[in-house]
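Please construct the entire structure, taking both the sequences and the accompanying hints into account.
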Amino acid sequence: MFIKFFYKLKEVGIPVSPTAFLTLQKALGKGLVVTLQDFYTASRAILVKSERYFDLYDQVFAHHFRGAEMPDVEGLELDELARAMLEAWLQKPEELSELLGIDESALNKMTPEELIEYFKQRLKDQDEQHHGGAKWIGTGGYSPVGHSGYHPGGMRVGGVSGSKSAVKVAMDRRYKDYSLHGPLTQAMIGEALKRLRNMVPVGPKDEVNIDETIYQTMKNGGEIEIIFDRRLKDRLKVILAIDNGGWSMDPYIPVVQTLFDYAADQFKDIKTYFFHNTIYSNLWADPARYKKPKRLDELVRLDPQTRFVIVGDASMAPYELMASDGSIHIEERSGLPSIECLNLLAKTFPHAVWLNPVPASMWGYTRTISAIREIFPMFELTIDGLEQAVMHMMAK
Amino acid sequence: MGDDNSAKQFAGATRYVLDQELAKIVNISMALEMPLLLKGEPGTGKTMLAHAIAENLKMPLIVLNVKSSMKLIDALYQYDTLTRLNDSRFGDSSRNVSNIEEYIKMGKIGQAFTAEQRTVLLIDEIDKADTDFQDDMLDVLDQMEFDIIEIDKTIAAKSRPVIIITSNAKKDLSDPFLGRCNFHHIAFPDADMMRRIIGVHFPDLDSELMERAISAFYQMRKLDAVEKKPATRELINWIRALKADPDFKPKQLAKGELPYLGVLFKKSQDYARAQHAVNGRRIN
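Heads up: the protein sequence lines correspond to chains A and B, in order.
Residues 1 to 396 (the numbering used here) make up the first sequence, in order.
Residues 1 to 284 (the numbering used here) make up the second sequence, in order.
The set of hints was computed from the structure by calculation and includes no laboratory data.
The beta-carbon is built from N, C-alpha and C at its ideal position, and this holds for glycine as well.
Lysine-lysine pairs mimicking DSS-like chemistry, simulated, CA-CA at most 30 angstroms apart:
(1) B:K58 <-> A:K26
(2) B:K128 <-> A:K205
(3) A:K237 <-> B:K229
(4) B:K58 <-> B:K158
Computed footprint of chain B on chain A; a stretch qualifies when at least three of its residues, placed anywhere within it, have a C-beta under 8 angstroms from a C-beta of chain B:
(5) 205 to 218
(6) 222 to 228
Okay, here's the thing in structure tokens:
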């Protein structure tokens, strides 16, 4: 029973296990599941173990039990765009109807479902994709319709509430914003960084060291001698250096910056510095790189156990890296080529990594990236890359 | 496990508003004798659920607050070597020094296993501990028994506790862990649900105040770049603060005057941001 449903779930990529399926059968056998609504709830709780798959589950459920259209990848995109259009239309009807060249009052007469169908049809009619155009619908365009208009809260037209049927609940796709596909968010990075830890004994001596206590007591001829130790606490020092100069880095700065602020509770000791393109004799404590310079010589005196994280695209003109007066900022020309400064940092901090927002497949095409990779281990600024970087930094 | 226990059904409690879906999942987990893993953003009532179940089923609640430095053994039992050492030296206690069992103290999981009555065991914030801890603990909860190495004795659960596990993590727990529990994600309550929740906490609340406070609350939650969004707990405290102020009129909220923002926003940056947003709206 429901074996087809089970395989459908597996097919769309939800990690369902046979054991869980058997558990579901057990629940069915116990007579706990009476209605379809019960089945929806029970099979989700038992089979689906992450909210990221709730949305997919909803879709499969709706497909299986009501024959709702199973969205293929393309359809999914259309679906999303159509919903985005609906949202946009709900907010600014005039603008959208003007863009699509249709009469606002004609749209007004349609129900939300009809509207979505209509929008989908319009999207299908579109001959080719337009990315970045000003009028048509596509990703990254100026038009209010498209990806940027997409609202993760999902659509709730008509305010359905109270006793909904399971299929309707599933059709609602309430869990859309937890879906797997999405950009690197602050929360995800915070999770990846959780593993960065350095346990060292600190604080008052309040933990009994039993082995040592017994040993000392024996030595004392049976007279009890209790030995206390300090507790192990996380005291990891982290320095974060961000390239906030080039336009290529702009999209990544907020996410990188907030992620480390976010992780500030995790790391007791974190310092953030800024640079442009590459590091010369100074790092800057202020994002404008103007007021608060931090000399490299001072950094070198810090604890070598500090985890040094550099975030930058490592892409620049080769002379900026190699020449002794390579900096494009005249006040930074100190006589030492940047590559030497980087070498010095890498030598001072053995636990250093370079995170690069440029996709790894492109690294071979930029000379300066290759040069810097010889100095610092470089990782992609993605959730996978970040985990690898954390693993690298925690290696002894 | 006794049938009289599994016959009990969970239907909500006095201070907790339960949605039907969640009630069903709780009942199924109880019948299948599987732990229930709850995720969701802070303030969605994950911890409260365990309290409500305990209250509703009239079972004692045992809470295990997981800490990052915790080892599994701490949750199971503790061998009090120091007292034993002391007793053996001075010999002035009623305990029998040669009997190690007298120096074993049960941890939270141990307590739940040895309790005379069926209990609700809440394992709070499991994501704080490392993966090994989580997997090992699930082993214990699966087998419903553990060994005390010092006295070579196996402690088996007298009655299987109702196990609720909460996690704040956005990231998934390990696969073997997930395989052994049922899962539910509690979404943040919508305005309708929130009205009921507030109604439970303030049965005689003025409806105008309730509406205005809730709508202001959801407005404030929409502020972007806020590190810690106000949750249900903050709203309840805020309403309490508003009620306590004799000079406060619900109309003020409609005008965009929001007193006691500090109750809603607890991080100084967030507070400044909220303050800024509120002031901005008043000028417009």
